[in-house]
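> Those protein sequences? They're chains A and B, same order as listed.
Just so you know, our numbering puts 47 at position 40 of the first sequence, and the rest follows in order with no gaps.
Just so you know, our numbering puts 137 at position 102 of the second sequence, and the rest follows in order with no gaps.
Misleading hints may appear alongside valid ones.
[What the hints assert, rightly or not] Restraint-style ranges between C-beta atoms, simulated for each label pair:
1) B:Ser38 x A:Leu105: 27 to 37 Å
2) A:Glu92 x B:Gly76: 13 to 23 Å
3) A:Val81 x B:Pro75: 26 to 36 Å
4) B:Arg146 x A:Ser60: 24 to 34 Å
5) B:Gly88 x A:Lys22: 42 to 52 Å
6) B:Glu55 x A:Ser80: 23 to 33 Å
7) A:Val106 x B:Arg57: 23 to 33 Å
8) A:Gln90 x B:Gly76: 38 to 48 Å
It is worth saying that the hints were derived from the structure and are not from the lab.
Heads up, the beta-carbon is just placed ideally off N, CA and C, and yes, glycines get one too.
Read off the chains here:
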Amino acid sequence: GAGVSQSPSNKVTEKGKDVELRCDPISGHTALYWYRQSLGQGLEFLIYFQGNSAPDKSGLPSDRFSAERTGGSVSTLTIQRTQQEDSAVYLCASSLGLVDTQYFGPGTRLTVL
Amino acid sequence: AQSVTQPDIHITVSEGASLELRCNYSYGATPYLFWYVQSPGQGLQLLLKYFSGDTLVQGIKGFEAEFKRSQSSFNLRKPSVHWSDAAEYFCAVGAREYGNKLVFGAGTILRVKS
């Protein structure tokens, strides 16, 4: 079946602009996660959604970052007023349940000029 | 705080040689563990996982890993490396108590000599 998909695959933006990154999880997966992969920090957890529960936002680095998940499926990660340090690959993952294997999408490479 | 250590940043092995990638963790809860592989420009592909039960787990592409609770380790092994195994390998740890948020090691880049 289809895996996790993310769009766009690449995004180049100017400092100060807002960006939206999209994730389509595997159908039927109730849990969705966002991670960030950067050269200096490695792979870091950002946020996760589980069913109808309030999301765990404990990994978001600043209030410029937000995410939503509509209809229990598609998720959008929004970064406002982008900074150069936001340049990274943003990975989305989904799992069938909360304690289950996470399957990753191909990522969105964000470059902030 | 939870942490995962992959002590080797780079490893080079000859094709056909055996491989062991090390992973140690520090966790305040009963962990479950994963190894993922990432090729350049690609996402993370699951190699294998351990949740409970038999501490020696088999994965795809001929990889296996052994969970040793006493040593807080989950080392990845392969008896004979192929050139196509060249990639970056990540060990990851999660726990129900922490909401399944994965903590990743820094990764080990594997180079294969022909």
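> Now tell me if each hint is right for this structure.
Structure-based check of all given hints:
For serine 38 of chain B and leucine 105 of chain A, the hinted distance range of 27 to 37 Å is not satisfied, since their beta carbons lie about 22 Å from each other. Between glutamate 92 of chain A and glycine 76 of chain B the beta carbon distance is about 22 Å. The supplied range of 13 to 23 Å therefore holds. The supplied range of 26 to 36 Å is met by valine 81 of chain A and proline 75 of chain B, whose beta-carbon atoms lie about 28 Å from each other. Against the hinted window of 24 to 34 Å, the Cβ-Cβ separation of arginine 146 of chain B and serine 60 of chain A comes to about 43 Å, which falls outside the hint.
At about 50 Å, the beta-carbon gap between glycine 88 of chain B and lysine 22 of chain A stays in the expected band of 42 to 52 Å. The given range of 23 to 33 Å is broken by glutamate 55 of chain B and serine 80 of chain A, whose C-beta atoms sit roughly 40 Å from each other. At roughly 25 Å, the beta carbons of valine 106 of chain A and arginine 57 of chain B sit within the given window of 23 to 33 Å. At about 24 Å, the beta-carbon gap between glutamine 90 of chain A and glycine 76 of chain B misses the expected band of 38 to 48 Å.
Of the numbered hints listed earlier, those contradicted by the structure are 1, 4, 6, 8.
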